[in-house]
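Chemist: Read off the chains here:
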Amino acid sequence: MNDPQPPPLVRIDGVTKRFGEVTAVDDVSLDIQKGELFAILGASGCGKTTLLRMLAGFEQPTSGRILIDGADMTDVPPYERPVNLMFQSYALFPHMTVEQNVAYGLKKEGVPAPQIRERVAEMLAMVKLGPLAGRKPEKLSGGEKQRVALARSLVKRPKLLLLDEPLAALDKKLREHTQFELANIQYQLGTTFVVVTHDQDEAMTLASRIAVMHEGKIAQVGTPGEVYEYPANRYVAGFVGNINLIEGRVTGRANGRLTLHCDALDADLEAACEEVPAAGETVTVAVRPEKITISREAPAGADRNVVKGVVRDLGYFGDQSLYRVRARSGAVVQVSAQNLRRSAKLIVEWDDEVFLSWEVGSTILLRT
Amino acid sequence: MRIRSPGLVSIVAFGYALLYVPIVSVVIYSFNDSRLVTLWGGFSLRWYASLLEDEKLLEAALLSLRIAFLSASFATALGAIVALALHRLGRLRGRLLLSGMVTAPLVMPEIITGLSLLFLFISMADLIGWPMNRGATTITIAHVTFSMAYVVVVVRSRLAAMDESLEEAAMDLGGRPLAVFFDVTVPMLLPALVSGWLLSFTLSLDDLVISSFVSGPGATTLPMYIFAKVRLGVTPDINAITTLIIALVALAVGIASFVTNRRRSA
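Chains as they are written, first to last, in my numbering: chain Z, 386 to 753; chain V, -17 to 248.
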């Protein structure tokens, strides 16, 4: 590879982990660059936590290697890795004060006491916990505990910080706030963060790149935008965000555009396409709900990517409305629309006959 | 739903009376001035004073305390190690059998424990020439064997409630396994270790049956001494020594439950 990029900070090279008969992580290869905020996203049981624990050193890969900053870490125990982990439960030592918790890692490193005091104070100031230094963890709120855990894992200045579901234990309001704070701290320090999460919103807003994991394998790696707008396969399309998956039969191809017919919607669809599926082949196309325009009149001058249907369900959220529209054949399409104009009356109501339409570029073609 | 019928209250009162009237009467009569155990003759501390003059009794009490201290310490150390080993074995096959076997002495009749230990000591003396004489050492060993079972139970329940990521966090922060053990595991287990030690201490202090089996000439523990004395007739100084033992045991049990509850609520 003639890659102009510098060598990656983390290289996961063909790593497989089996627990008895179960393959938790299946031949995963992944490069993470220095300074990235990388998210590993997946449903529970997809192997993301096992992958994280192998990066931290708590599990040994069955096969494959893990390199951090060029050094082979595969058989290095956790206490000798330049990596720290922020646990989902935070794992604060209950018999130590906040200050002692944060100082623990430096003490084990053999840092002289005056320096420890200085660095701990600096760290606590950064997470705004200075006044609570003398408290025991049991006297802290959830958000404060989370910040102690963050300070404790960052104080050793690791090359790589691993975060296991960092926001899962916080309530919604606090989560949004903490999300930005976490990204801020990462930006300030320039430390490489790897976040493991099952929450797609968390991954989308935090990360610069996302790896979606499914059944022990990486389903897709990309920026949040790439993963959302250009999902590599059906699983990613369905897991990240809402989507309408539609089966269609290829009817023709011209000028880099593919035409299909969808029986379930009784409509002709059109998608941009580089490769050529054979005519008559069945493919899956996908359209995000917010890409679809809903209207009571037929859109002028368009005969493709137009679906006729009846509004079966309507959810009003204030800023937007969610519609479930049933085509004549019975297939249901989800549509979301921003409520741009101020009006107590909805433009489209229950049982209205409507037309759904979208641009050619919004049709996602999924081969797998 | 709470029913506070008089019938229920009296049943509870009866139950508690059954438990505590004998103990309370012993305590009260230990302050009795009369020479007769059953007749009240006014308040006095004379029986407590007379205890101090009974050299045999003091000797037995000292021996009992020494054995209790030693056996509790060994039982706590060994019990904690066994509990940790069983905990770390995880789902290994045979763990259920092993843990059942560790706790079996809890329900084993003391007579059997005592008898089998006696046989063990006798055949050991035959085979390897040790222990040549039975006495304080054999009693201590016997007490360790049954106290250990209690320690294992207490420590294991604490381990089950412990967040395992605490140890991992310490390791992640640079603690080597041994350092992690002393920095995190031991402090987390401390309440269990303290209550296990106190439990072993009290169990050893009032054991009579097993001690009698494995003791030899010259080694008389306090319960053995009292038992021997009572057979010749109950004298008021027995009440005094019994009261002291009750106080000691109550103190130990009180501390044990205080330590356990304080940590648990934290």
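Errors might be hidden in some of the hints.
Some chain V residues near chain Z, calculated using beta-carbon distances under 7 Å [as the list claims (entries may be wrong)]: (1) G23; (2) L155; (3) L160; (4) V168; (5) P169.
For the record, the hints were derived by calculation from the structure and aren't laboratory data.
Here a beta-carbon is modelled for each residue, glycine too, at the ideal position from N, C-alpha and C.
Chemist: Confirm or reject each hint.
Modeler: Hint check:
1. G23: V:G23 check fails; min Cβ-Cβ to chain Z is 54 Å, beyond 7 Å.
2. L155: V:L155 check passes; min Cβ-Cβ to chain Z is 4 Å, inside 7 Å.
3. L160: violated (11 Å)
4. V168: violated (10 Å)
5. P169: The hint holds - V:P169 has a Cβ within 7 Å of chain Z, the shortest such distance being about 5 Å.
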